[in-house]
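Engineer: Chain by chain, the residues run as shown.
There are 2 protein chains.
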Amino acid sequence: MMPIKKIIDISWPVTPDMTAYKDKKEVAFKHVATFQQDRYRKSTITLSAHAGTHVDAPSHFVEQGVTIDQVELAQLMGPCVVLDMTQWSEKITAGDLEKHDIKKDAIVLLKTKNSFFSATAPFDPNFVYIDLTAAQYLADKQIKAIGIDYIGIEHHQPGHETHEIFFKNGVAIIEGLRLEDVEQGKYFFCCLPLKVIGLDGTPARAILLVE
Amino acid sequence: MMPIKKIIDISWPVTPDMTAYKDKKEVAFKHVATFQQDRYRKSTITLSAHAGTHVDAPSHFVEQGVTIDQVELAQLMGPCVVLDMTQWSEKITAGDLEKHDIKKDAIVLLKTKNSFFSATAPFDPNFVYIDLTAAQYLADKQIKAIGIDYIGIEHHQPGHETHEIFFKNGVAIIEGLRLEDVEQGKYFFCCLPLKVIGLDGTPARAILLVE
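First to last, the protein sequences are chains H and V.
For the first sequence, this note's numbering gives the first residue as 1, with consecutive numbering after it.
For the second sequence, this note's numbering gives the first residue as 1, with consecutive numbering after it.
Quick caveat, the hints were computed from the structure, so don't treat them as lab data.
Incorrect hints may appear among the rest.
Claimed, not checked - Here are the simulated DSS-like pairs of lysine-lysine, each with C-alpha atoms no more than 25 Å apart in a straight line:
hint	chain 1	residue 1	chain 2	residue 2
1	H	K113	H	K99
2	H	K25	H	K6
3	V	K25	H	K30
4	V	K104	H	K30
5	V	K42	H	K22
6	V	K42	H	K30
7	H	K5	V	K104
8	H	K24	V	K30
9	V	K99	V	K141
10	V	K6	H	K103
11	H	K103	V	K5
12	V	K186	V	K141
13	H	K186	V	K6
14	H	K5	V	K186
15	H	K42	V	K30
16	V	K24	H	K6
17	H	K186	H	K104
18	V	K104	V	K141
19	H	K5	V	K103
20	V	K22	H	K6
With the rest of the complex left out, here is chain H:
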């Protein structure tokens, strides 16, 4: 492995007051041992499988889709490109992606206006999303994974078309990245979800490596 010059943490801080999908708070910490009482500390964490930075499993929206433990880690690691999409306010379409050079097996992270929300802001139902034309465009490019800077990847699409297109084409979906401080460019991406078995997704830590 080449020496790593810099690690850029692009994960959402997990706190009880973090932004939650439709504001249904789903993170809680419980202190089961405290230093005052027990001379050590121990906590329990409750969190949605889709809290903050997380990987969606196909089983989230596809009836026969595989669960998160069957998403290959190789899909969540490798060369990646961060694309600056901050000029768009509603959604990302195929046309917005065409000027970029997107290669087969790339990991594509879209930096949008979403990145400028604070990590504890109320849920914004009008977050910038990836519409089905952009999803089809990226699926046709045979990318490995797509990442976006909000805790959802689509809305206003009742059939979850964006998720479905990605899942049916083997594109892994990472939601809840924090890209505010990341410039457009090439990086090495590493995202490791917890090894939970049988679920529809799980929180993860995601980083960019600069060599």
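Following the hints, put chain V in place on chain H, whose structure we already have.
Structural biologist: Relative to chain H, chain V alone:
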């Protein structure tokens, strides 16, 4: 980044019936949306900060110790050495480590007999642990991190001396690795804990990369 030949997942599968410290079960899954009822699936996960593969923060046992979000990710990534310690049945001591070449800034993973327990076996209070002499030996070598193949790193040491020595010398502690199928040798280690803020530890995913 060099092309990755192989990813070896050395993480403990997270399930409600996984081995738990002193058998105090602390993992639960809740299905808040199901395909039958809602046409999608969504789950909530409850787990101990010290369940399965996890990183301990100094604040776990040191009153003024930093919390998990302040453990540098750079300490949890880099060249590592897996040492075969499967001949020892009780504990690992300084003497057991002396024949190995352990370098400054290494990440040292100890493969012991613990690796042969199943992931859902009852808790074994006599797991092979790292005694304070071994901890001091490794701290003196100025390693970056220590990893062990059980959900604890010590027992029979009422002052938690092993933890304290590592924490006070800036050695990160990763517990709950699964090394059964890993041979002694050199690898590239990557462990990413969840970005939980303010706690005494957190579950993580850990892998070895072969180039």
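Engineer: Compare the structure with each hint and give your call.
Structural biologist: Status of each hint after checking the structure:
no., hint, in the structure
1, K113/H - K99/H, "holds (19 Å)"
2, K25/H - K6/H, "violated (33 Å)"
3, K25/V - K30/H, "holds (15 Å)"
4, K104/V - K30/H, "violated (37 Å)"
5, K42/V - K22/H, "holds (14 Å)"
6, K42/V - K30/H, "holds (22 Å)"
7, K5/H - K104/V, "holds (18 Å)"
8, K24/H - K30/V, "holds (15 Å)"
9, K99/V - K141/V, "holds (13 Å)"
10, K6/V - K103/H, "holds (22 Å)"
11, K103/H - K5/V, "holds (20 Å)"
12, K186/V - K141/V, "holds (17 Å)"
13, K186/H - K6/V, "holds (22 Å)"
14, K5/H - K186/V, "holds (21 Å)"
15, K42/H - K30/V, "holds (22 Å)"
16, K24/V - K6/H, "violated (39 Å)"
17, K186/H - K104/H, "holds (15 Å)"
18, K104/V - K141/V, "holds (6 Å)"
19, K5/H - K103/V, "holds (20 Å)"
20, K22/V - K6/H, "violated (39 Å)"
Taken one by one, the earlier hints fail for this structure at numbers 2, 4, 16, 20, listed in ascending order.
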